[in-house]
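> Residue strings, one per chain:
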Amino acid sequence: MRRGLTRFWSHDGRLPFKISGLQFLPNTPPRGTGRNLTKQDLGSRRIDQIVSQAEEQGSLAVAISGLNSIRHTLDSLMRLAGYDRPIGSQVNVAVQTNVNIDLSRITERLIQHFDNEPELKARIAQALLEIDDDQAA
Amino acid sequence: MTKLREAAYRIDPALWVREVLAVEPEKWQEDFLRAPRGASILALTARRNQGKWPA
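From first to last, the protein sequence lines stand for chains A and B. Under our numbering, the residues of the first sequence are numbered 1 to 137, in order. Under our numbering, the residues of the second sequence are numbered 1 to 55, in order.
Source of the hints: derived by calculation from the structure; they are not laboratory data. Glycine is no exception: its CB is placed at the ideal position from the N, C-alpha and C atoms. Errors might be hidden in some of the hints.
Under 10 Å between C-beta atoms, here's a sample of chain B residues computed to sit facing chain A [said to hold, decoys possible]:
id, residue
1, E6
2, Y9
3, I11
4, D12
5, A14
6, A22
7, E26
8, Q29
9, D31
10, A35
11, R37
12, G38
13, I41
14, L44
Bound-form chain B, shown alone (with noise of 0.2 Å):
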């Protein structure tokens, strides 16, 4: 990776998502990815059968 590229990746990590993760993210996640340092984000997480692992 190029210093040029990785500078990109820094300053917008929703394009290093696309371009290296190959993954489309929505809205919200651009939104997550592209917030100020120090922002007050919470992030409430949930999947099924969460309190199940490790099996």
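Isolated chain A, as found in the complex (with noise of 0.2 Å):
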């Protein structure tokens, strides 16, 4: 038998767990496909619950410990999808927008250290124009 915590996302919305071969499903039926799970199928109600059914029967502890850190995970990216807010909530993701500059601040530095080894410099000059032509294409 397999032992330990195996994870798995299936595709009907059930829970993704799974503890020393016994699968834990939820109570409630299955709500749309895997990427629309709602709040409460990753809610960490459910893994409250799933913890304690584990304690009873007295699984192992490091399923315990592993199921507790897999819900700070979900709790994590519930708040970054918006699940713990009431729907119709706006969410803002912060993007970082300056890349140019840091290839502005790359190329200096790269200019600065390889500046006394001039093949060297011209091998990155052509890998860099590769990427582009690259890109371009």
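Quick one: dock chain against chain with the hints and give me the complex.
Next comes the structure, spelled out in structure tokens:
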């Protein structure tokens, strides 16, 4: 028998956990696909329930610890996805847009670092040019 | 010109000469173009009838 915690994502909305061969399924019928999991499906309440059940049945402490760590991950994902807020509330995502500035800095550092190695500078420049051509194609 | 291409030309000006000016630099010209910043380089230029310009 496979021991320990097995993680998988089902496509029918089932809770994605198995412990030592025991499969825990949600009490409620599946809703939508795996990508449309509801707050109840992802919520920590169900995981708390599983942890309690595992403790009662004398499962491995490692499994309980693993579930707890997954709960923290799910909590973070829920906050990022906005599942912890009422439906319709806005979720702001910050995107870093100063890539070009970083490229200028990187270029400057490359020139400074390899200024006394002209052959290497030529090879780096040629590589950058090839990347640019690939992106344009 | 993309930022990536600009970076490539900044790192290797000889590449810029080839790609943009469509000129194949000679070896000594490549060395000159890829010289380190602040390098002590003495450039002597000469051409025929240099002293007669402007006419």
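> Tell me the numbers of any earlier hints that the structure contravenes, in ascending order.
Numbers 6, 7, 8, 13 and 14 - these are the hints that the structure violates, sorted from lowest upward.
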